[in-house]
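Number of protein chains: 2
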Amino acid sequence: MAELKGYKGKIRDLLISNKIDVGNLVKITSELTYSGILMPRYESGDESHIVLKLKSGYNIGIEFEKIEKIEKIGEGQSSVESSQTIEKDEKLPKILLLSTGGTIASKVDYRTGAVTPALSATELYEAVPEIAKIANVDAEVLFSEYSENLQPEHWLEIAKKVDSVADSEYTGIIIAHGTDTMHYSSAFLSFALSGFKKPIVLVGSQRSSDRPSSDAALNLIAATKFLTRCSAKGVFIVMHHDESDNAIACHLGTRVRKNHTSKRSAFETIGSPPAYIIFENEIIDNSYKNKKEFSKEYNPRINLDTKVALVKYHPGFDPEIIESLIKLEYRAIIFEGTGLGHVGKTMYESIRKAKENGIFLGMTSQCIDGRVSMTVYESGRDLLDIGIVPLETMIPEVALVKAMWVLGNSDSDHEIKKMMLEDCASEFFTE
Amino acid sequence: MAELKGYKGKIRDLLISNKIDVGNLVKITSELTYSGILMPRYESGDESHIVLKLKSGYNIGIEFEKIEKIEKIGEGQSSVESSQTIEKDEKLPKILLLSTGGTIASKVDYRTGAVTPALSATELYEAVPEIAKIANVDAEVLFSEYSENLQPEHWLEIAKKVDSVADSEYTGIIIAHGTDTMHYSSAFLSFALSGFKKPIVLVGSQRSSDRPSSDAALNLIAATKFLTRCSAKGVFIVMHHDESDNAIACHLGTRVRKNHTSKRSAFETIGSPPAYIIFENEIIDNSYKNKKEFSKEYNPRINLDTKVALVKYHPGFDPEIIESLIKLEYRAIIFEGTGLGHVGKTMYESIRKAKENGIFLGMTSQCIDGRVSMTVYESGRDLLDIGIVPLETMIPEVALVKAMWVLGNSDSDHEIKKMMLEDCASEFFTE
Numbered sequence: 001m002a003e004l005k006g007y008k009g010k011i012r013d014l015l016i017s018n019k020i021d022v023g024n025l026v027k028i029t030s031e032l033t034y035s036g037i038l039m040p041r042y043e044s045g046d047e048s049h050i051v052l053k054l055k056s057g058y059n060i061g062i063e064f065e066k067i068e069k070i071e072k073i074g075e076g077q078s079s080v081e082s083s084q085t086i087e088k089d090e091k092l093p094k095i096l097l098l099s100t101g102g103t104i105a106s107k108v109d110y111r112t113g114a115v116t117p118a119l120s121a122t123e124l125y126e127a128v129p130e131i132a133k134i135a136n137v138d139a140e141v142l143f144s145e146y147s148e149n150l151q152p153e154h155w156l157e158i159a160k161k162v163d164s165v166a167d168s169e170y171t172g173i174i175i176a177h178g179t180d181t182m183h184y185s186s187a188f189l190s191f192a193l194s195g196f197k198k199p200i201v202l203v204g205s206q207r208s209s210d211r212p213s214s215d216a217a218l219n220l221i222a223a224t225k226f227l228t229r230c231s232a233k234g235v236f237i238v239m240h241h242d243e244s245d246n247a248i249a250c251h252l253g254t255r256v257r258k259n260h261t262s263k264r265s266a267f268e269t270i271g272s273p274p275a276y277i278i279f280e281n282e283i284i285d286n287s288y289k290n291k292k293e294f295s296k297e298y299n300p301r302i303n304l305d306t307k308v309a310l311v312k313y314h315p316g317f318d319p320e321i322i323e324s325l326i327k328l329e330y331r332a333i334i335f336e337g338t339g340l341g342h343v344g345k346t347m348y349e350s351i352r353k354a355k356e357n358g359i360f361l362g363m364t365s366q367c368i369d370g371r372v373s374m375t376v377y378e379s380g381r382d383l384l385d386i387g388i389v390p391l392e393t394m395i396p397e398v399a400l401v402k403a404m405w406v407l408g409n410s411d412s413d414h415e416i417k418k419m420m421l422e423d424c425a426s427e428f429f430t431e
Numbered sequence: 001m002a003e004l005k006g007y008k009g010k011i012r013d014l015l016i017s018n019k020i021d022v023g024n025l026v027k028i029t030s031e032l033t034y035s036g037i038l039m040p041r042y043e044s045g046d047e048s049h050i051v052l053k054l055k056s057g058y059n060i061g062i063e064f065e066k067i068e069k070i071e072k073i074g075e076g077q078s079s080v081e082s083s084q085t086i087e088k089d090e091k092l093p094k095i096l097l098l099s100t101g102g103t104i105a106s107k108v109d110y111r112t113g114a115v116t117p118a119l120s121a122t123e124l125y126e127a128v129p130e131i132a133k134i135a136n137v138d139a140e141v142l143f144s145e146y147s148e149n150l151q152p153e154h155w156l157e158i159a160k161k162v163d164s165v166a167d168s169e170y171t172g173i174i175i176a177h178g179t180d181t182m183h184y185s186s187a188f189l190s191f192a193l194s195g196f197k198k199p200i201v202l203v204g205s206q207r208s209s210d211r212p213s214s215d216a217a218l219n220l221i222a223a224t225k226f227l228t229r230c231s232a233k234g235v236f237i238v239m240h241h242d243e244s245d246n247a248i249a250c251h252l253g254t255r256v257r258k259n260h261t262s263k264r265s266a267f268e269t270i271g272s273p274p275a276y277i278i279f280e281n282e283i284i285d286n287s288y289k290n291k292k293e294f295s296k297e298y299n300p301r302i303n304l305d306t307k308v309a310l311v312k313y314h315p316g317f318d319p320e321i322i323e324s325l326i327k328l329e330y331r332a333i334i335f336e337g338t339g340l341g342h343v344g345k346t347m348y349e350s351i352r353k354a355k356e357n358g359i360f361l362g363m364t365s366q367c368i369d370g371r372v373s374m375t376v377y378e379s380g381r382d383l384l385d386i387g388i389v390p391l392e393t394m395i396p397e398v399a400l401v402k403a404m405w406v407l408g409n410s411d412s413d414h415e416i417k418k419m420m421l422e423d424c425a426s427e428f429f430t431e
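From first to last, the protein sequence lines stand for chains C and A. My numbering puts the first residue of the first sequence at 1, with every later residue one more than the last. My numbering puts the first residue of the second sequence at 1, with every later residue one more than the last.
Simulated from the structure, these hints should not be mistaken for laboratory data.
Per the computed footprint, the stretches of chain C lying under chain A, defined by three or more beta-carbons under 8 Å from a beta-carbon of chain A, are:
no. : stretch
1   : 180-189
2   : 260-266
Facing chain A, from chain C, some residues (calculated, C-beta under 7 Å):
no. : residue
3   : GLU148
4   : LEU150
5   : LEU310
6   : LYS312
7   : GLY316
8   : GLU320
9   : SER324
10  : GLY339
11  : LEU340
12  : HIS342
13  : GLY344
14  : CYS367
15  : GLY370
16  : ARG371
Glycine included, each C-beta is placed from N, C-alpha and C at the ideal position.
Take these sequences, add in the hints, and give me the full structure.
Rendered as structure tokens:
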């Protein structure tokens, strides 16, 4: 019983007295009756819940105080093994599942209780057997990295892999991805693979699969439904819509942001509702503005240049930082200005110098929502005179990624400005 | 009739045929009947509305197509003059109105149509005669700057001015302020004047007073009501709560952010409802977590050091930028990490070097909402080992301002860390 990882106090005593260990198949009678595999807990987890992984792949936490009866109904190992022999139904649509790492692809080490992003794509698929009823899944591991460690080189690799199946029989592609930088990756894929003729969906989870209320399985099931039942094209992020388990949101890859550190519904489309909402048996379509993408020609341009800085202006911002960027030979600066797209007068001289050095200067707003509008006030007009380009409704992070992509595809100042202002992948929100 | 600034086409023709000019007192019969001063329009304004300044100080736009009748009922000048002789009612509470500039203090030049932040505080007061019925207002102009041009030196000046009336008979202080950086100023005042025994309210407007639906008057009236009818203490921002004119929000000065470029309800409290909602005849109090401030001793510490950088991590972030900050002798770096407070491994070496150089390193999240939590994943634990301090639920901009303030008040590494983690002015949100 040394294996009861993470369980302490009264709960540990209860499990020991019932001869139950982590990994066993267990039946618990509480307000309802649950059967599932006993999951390990983190050392830092709360002490009042037992966590079961249900047959559906969904984890629930059951409050200790409400448990009426607990019994071991199996060793559990056999049940894990049986899921590895999912039969494929050749009549179902075929999808490709690429894993890059992140919480959704995390594996609990039953002996150490540690969570590592090491789950193979096949294991991920097997952990959520429901998707086998919706689609035939080919699974492949690209990397096993938490997304804070993904860099633009990883974006290129993902894009090249997806491009390689452009003409395949896959109905669509799922990319399992850490949530930290999922919206940066989705933006790059949107630009690099503009006009791709299948839906590409990035899916993550905010809570690892050993936690009660893990969203991994539900997000993955919703993504599979979306790929097989909806005629959408382009790049999307699929994550919980709200705190319920009924509605999963599907966000445009260029209009979405992670707006909460821990909530399952952390991702939000900026300025409008999500493009689609995926319910159990229905998909609501709000993607009116994305529809024009569907008719675009597929034009992959899988290149980038990272010499782009994101500069958030604030009172006391030291113009010397701009001078440093000039010295480091940056090719573009995306400003997160205040309000409608402003910076203080103290910045003008250094910005003018950046302009003289041929650096592309784009303006977004740190307000995040709304449009920059640089003709209303004196400050905006001054900055327009210096040569800053207002980037309309583009989200700062998306403008950064777009600038990296644009610089990777052009050396002409004129073309760089033109591409930055062109709607390439629904990155501009129009009311 | 050369003065019909901004009016074009059919509306201009209608005004000319009725011998009406900007500044005249006009009566318009539409769905309702309105009397007020004809306001000038921007050149870029829409062409379908006539704008009247009502006696209440509130501007409305009346749709041209709905106008049944329009007539001149006075030259208008006399009406403007009469408002300058507001009688003071000595029985009313006394408040101090400081003007720093911004849209709320903007003045339309009737001849050029240009908007400049040049309205004197007395004029501001006179433009909203309702406040004379609520309070006796002493008005003073500190600066006439749009807030993107306000710098930390301005914060010091405002704080010193407010501190100088700490023991006066004023019930509270209103600071008219541009909205672009109002939340940075409110954060500084919250820290520098911690424990101040009167309410200090920053008020701005998102739409200048020559525009239909200007929010200047209503925000100012609500602020005056708040100061005179509520027992709150501390620093707040008062702005529209939603798109109606019924509810005005009063946000804690350290928990608020401008989240939209143009909406009147651009300001939002992060993580909870606003501290107070001000209705016509009622003030709703949600300020449970701020109440502990009320009993704090007044301890003004009006100092700062601007050698603090705000660094937003993103894929492709160049660690050379951290090296530049070390060379520029920065004393603190506030990171806007991804998710729960992460940066990529590519950053570790430069961050370690910053730490070795004695730079204070604080972590917030670019998600803005939620708590950083650096023990959950490997990346967070690595960064804790290097010596980054997780700043819990502090908003990145507030953490930046707080670090400037802390560095201005201490040279001890130990004390700096201690102060950064201490709740000084309700900057930490507790659920």
